[in-house]
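Protein chains in written order, with this note's numbering: chain C, 1 to 273; chain U, 1 to 240.
These aren't lab readings, by the way, just hints derived from the structure by calculation.
Hints may contain errors.
Stated by the list, open to error - Capping the alpha-carbon separation at 16 Å, the derived lysine to aspartate or glutamate pairs in EDC-like fashion look like this:
hint, chain 1, residue 1, chain 2, residue 2
1, U, Lys59, C, Asp91
2, C, Lys229, C, Glu188
3, U, Lys88, C, Asp62
4, C, Lys52, U, Asp38
5, C, Lys124, C, Glu73
6, U, Lys59, C, Glu73
7, C, Lys171, U, Glu28
8, C, Lys272, C, Glu65
9, U, Lys89, C, Asp62
Said to hold, decoys possible - Stretch by stretch, here's where chain U covers chain C in the computed footprint (C-beta under 8 Å, at least three residues):
hint, stretch
10, 83 to 91
11, 125 to 138
12, 225 to 233
What the hints assert, rightly or not - These stretches of chain U come out as covered by chain C in the derived footprint (C-beta under 8 Å, 3 or more residues):
hint, stretch
13, 31 to 40
14, 79 to 86
15, 122 to 129
Built from N, CA and C at the ideal position, the CB exists for glycine as well.
Next come the chains, spelled out residue by residue.
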Amino acid sequence: MIIPRLQKQRIIEYMKQGKRFDGRKPEEFRDIEIKTGISLNAEGSASVKIGKTEVYVGVKMDVMEPYSDGPKEGTLTVGFELSPMASPDFDMGPPSIEAIEAGRILDRGLRESGFIDFEGLCIKEGEKVWGMYVDIYAINDAGNLMDAAALAALVALADARIPVYDEATGKVDRHQDRTDKKLPLVKEAMALNLTFHKIGDKIIVDPTREEEQISDYRVSFACSSHKGKPRISSIQKGKEGAITDKEMETILSLLEVKFNEMYEHLSKKIFKK
Amino acid sequence: MTTKKESSESTYTKRFDGRKFDELREIETKIGVIPEADGSAMYRSGKTIAIAAVYGPRKLHPQHMQNPQTGILRVNYDMMSFSVPDRKKPGPNRRGQEISKVIEWALSQCIDLESFPNTVIDVFIYIPQADAGTRVAGINAASMALAHAGVPMREMASAVAVGKMDKTIVADVCKEEEDYEEGEGATDIPICVLSRSKQIALLQLDGKISITELKEAIEMAKKACEKIHEIQVNTLKGAK
Numbered sequence: 001m002i003i004p005r006l007q008k009q010r011i012i013e014y015m016k017q018g019k020r021f022d023g024r025k026p027e028e029f030r031d032i033e034i035k036t037g038i039s040l041n042a043e044g045s046a047s048v049k050i051g052k053t054e055v056y057v058g059v060k061m062d063v064m065e066p067y068s069d070g071p072k073e074g075t076l077t078v079g080f081e082l083s084p085m086a087s088p089d090f091d092m093g094p095p096s097i098e099a100i101e102a103g104r105i106l107d108r109g110l111r112e113s114g115f116i117d118f119e120g121l122c123i124k125e126g127e128k129v130w131g132m133y134v135d136i137y138a139i140n141d142a143g144n145l146m147d148a149a150a151l152a153a154l155v156a157l158a159d160a161r162i163p164v165y166d167e168a169t170g171k172v173d174r175h176q177d178r179t180d181k182k183l184p185l186v187k188e189a190m191a192l193n194l195t196f197h198k199i200g201d202k203i204i205v206d207p208t209r210e211e212e213q214i215s216d217y218r219v220s221f222a223c224s225s226h227k228g229k230p231r232i233s234s235i236q237k238g239k240e241g242a243i244t245d246k247e248m249e250t251i252l253s254l255l256e257v258k259f260n261e262m263y264e265h266l267s268k269k270i271f272k273k
Numbered sequence: 001m002t003t004k005k006e007s008s009e010s011t012y013t014k015r016f017d018g019r020k021f022d023e024l025r026e027i028e029t030k031i032g033v034i035p036e037a038d039g040s041a042m043y044r045s046g047k048t049i050a051i052a053a054v055y056g057p058r059k060l061h062p063q064h065m066q067n068p069q070t071g072i073l074r075v076n077y078d079m080m081s082f083s084v085p086d087r088k089k090p091g092p093n094r095r096g097q098e099i100s101k102v103i104e105w106a107l108s109q110c111i112d113l114e115s116f117p118n119t120v121i122d123v124f125i126y127i128p129q130a131d132a133g134t135r136v137a138g139i140n141a142a143s144m145a146l147a148h149a150g151v152p153m154r155e156m157a158s159a160v161a162v163g164k165m166d167k168t169i170v171a172d173v174c175k176e177e178e179d180y181e182e183g184e185g186a187t188d189i190p191i192c193v194l195s196r197s198k199q200i201a202l203l204q205l206d207g208k209i210s211i212t213e214l215k216e217a218i219e220m221a222k223k224a225c226e227k228i229h230e231i232q233v234n235t236l237k238g239a240k
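In isolation and in its complexed conformation, chain C is listed as follows (with noise of 0.2 Å):
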C-alpha cells in the first residue's frame, strides 16, 4: 500500500493531538477475539482476531530425529505465511523478507521465553523426541498482524494433544484419535508479543495497515510475567528510524502499562481449559 504524502501528513496531525483515524487513543488495543479448535486435523489449532486483523494457527507434530546439541530436546518449526488473501499488498511466490522476519521474531519470542519445556518432549534420547511444527497463516490483514500470530501461536499450543506414538513403527498413528496428554508449557513463561510503531511524535500500540506504513519505526517485545514483572525475552527494532532515548523511555512504561492490563487476562483465556 503507498500512502500519498497529503494522508501521511494528516494522520501524523491527527496523531500530535492523540487522535487516530478510528477514533483510538495512541496506546489503545481493538478489541480481541480468540477461537479454538478451528481445524480438526491439527493437533491444535486457534484463529485471533484483533479488530479486522485475523490470523490462523495450526499446531502438527511428528516424531523426528533430535539435534546434535539438544539430544534430549523436542524441536520448534515456526512458519508465517502472509498469503496474497490477506492483503492487497502480499504477493504470491517464495516467502517475503517481511514473512520470514515476522516468523523468526515468533520463532525467537516462544524459544526463548522458555514457555515450551524442550526437554519434555523426548521419547528417546538422542533417537527420537517430537518436532512441532507452528504454521501461521494471515487470513486478512488490517494492521498489527505480528501480535496477533504471536497471540495464536500461544493459544494453538496450548489447545494442541500429543498424537499416538508406534513404538513399533516408530511414527506416529494418524489411524487413533490424539491423546488427551497437553504439550509440556510453562504457564508462567508464556510470553505476550506487543508492538509499539513511532508515528509523528506519539508512540502507538496496535498499529492499523496504514499507520504501519507511514510510522518511523516499529519494535517488538515479546514479554512474559516474572514475580508479577514483566520479563522480556526478545525485541526486535524494525524500519529505518532510530529510537532517541526519551522515546525508549516512553515505550518501556507503555510496554509494562499494557502488560499489565493484558497479560493476565488472555493468560486465563488461553489456559481456560
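On the provided structure of chain C, position chain U as indicated by the hints.
Structure of chain U alone, referenced to chain C:
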C-alpha cells in the same frame, strides 16, 4: 440415482456417515469473511472448509503480461499445512498448481473477462480443514466471492465431488469414502456445473467406471449442484 438392482450387488450399501446416496453433507456458507479483499466467502461441507478471497479487477503487473484484448483470471488454491493428518509443507506444490489451473478454467467461464482488458482478477483459495472435496468446496467459495466482489458474472459455478464406492454412486464424497477399498474400490469425480447453461466446467476422475455409471454420476452431480447453487444465491441475497 442408483437402481435397486445395482445397489444390492454393491458392497457399499450404507454410507459411513449414514447419509442417503444422493445426500450432501451439512453446508454452511458465509460472505465477507476477509474484509480487506474486494470479495470473500467461506464454504463448508461437513468437515471440509474452504475460504476464498477475490482481488480485482486490478492492474496486472508486470506490464508485459497485460492483455489489451481481455482481462486475466488467476486462481491460487492451497491447503493449509495443518488441514490434513500428515502435515503438508506450506507453499505451492504440483498438486496445488494443477488444481489451481482446473479451477481457473472452470471459473473463467463465469466471468466476462473481455470487459476488463489489461487487468487481472486474483482468486485466492485456502483450505483450513480438509475431509475430501476441497477443490469443489474451493470453487463454491470462490464463485460466491466473485459475486460478492461485484465482478459481472454470466452465471455462477457450483461443484460437487460425486463418487463410486464399489458399484454405488454417491454424492459429496468424504475422506473415509475416498479411501474405500472393497469391490471395485473408490472412484472420485469432481464436477463443476454452471448455473444457467448447465455446462460442465470442471471434470476430473480417479478410479474405474463404466460409461453408464459415469452418466449416472453426472446426473447426480447436476442435481446436487442445483441445490448448492440455491444455497450460494440465498447466501449472497442475505448479504449486504
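Status of each hint after checking the structure:
1. U:Lys59 / C:Asp91: holds (14 Å)
2. C:Lys229 / C:Glu188: Given pair C:Lys229, C:Glu188 holds - Cα atoms ~11 Å apart, limit 16 Å.
3. U:Lys88 / C:Asp62: holds (12 Å)
4. C:Lys52 / U:Asp38: holds (14 Å)
5. C:Lys124 / C:Glu73: holds (10 Å)
6. U:Lys59 / C:Glu73: Violated - the C-alpha atoms of C:Glu73 and U:Lys59 are around 50 Å apart, more than 16 Å.
7. C:Lys171 / U:Glu28: Status violated; Cα separation ~36 Å.
8. C:Lys272 / C:Glu65: Given that 16 Å is the threshold and the Cα spacing comes to 33 Å, the pair is violated.
9. U:Lys89 / C:Asp62: With Cα atoms ~13 Å apart, U:Lys89 and C:Asp62 stay inside 16 Å; holds.
10. 83 to 91: Coverage by chain U holds here, the residue count being 6 at a Cβ distance below 8 Å.
11. 125 to 138: holds (count 3)
12. 225 to 233: As far as the stretch 225 to 233 of chain C goes, the hint is violated, because 0 residues have Cβ atoms under 8 Å from chain U.
13. 31 to 40: holds (count 5)
14. 79 to 86: holds (count 7)
15. 122 to 129: It holds, with 5 qualifying residues against the three required.
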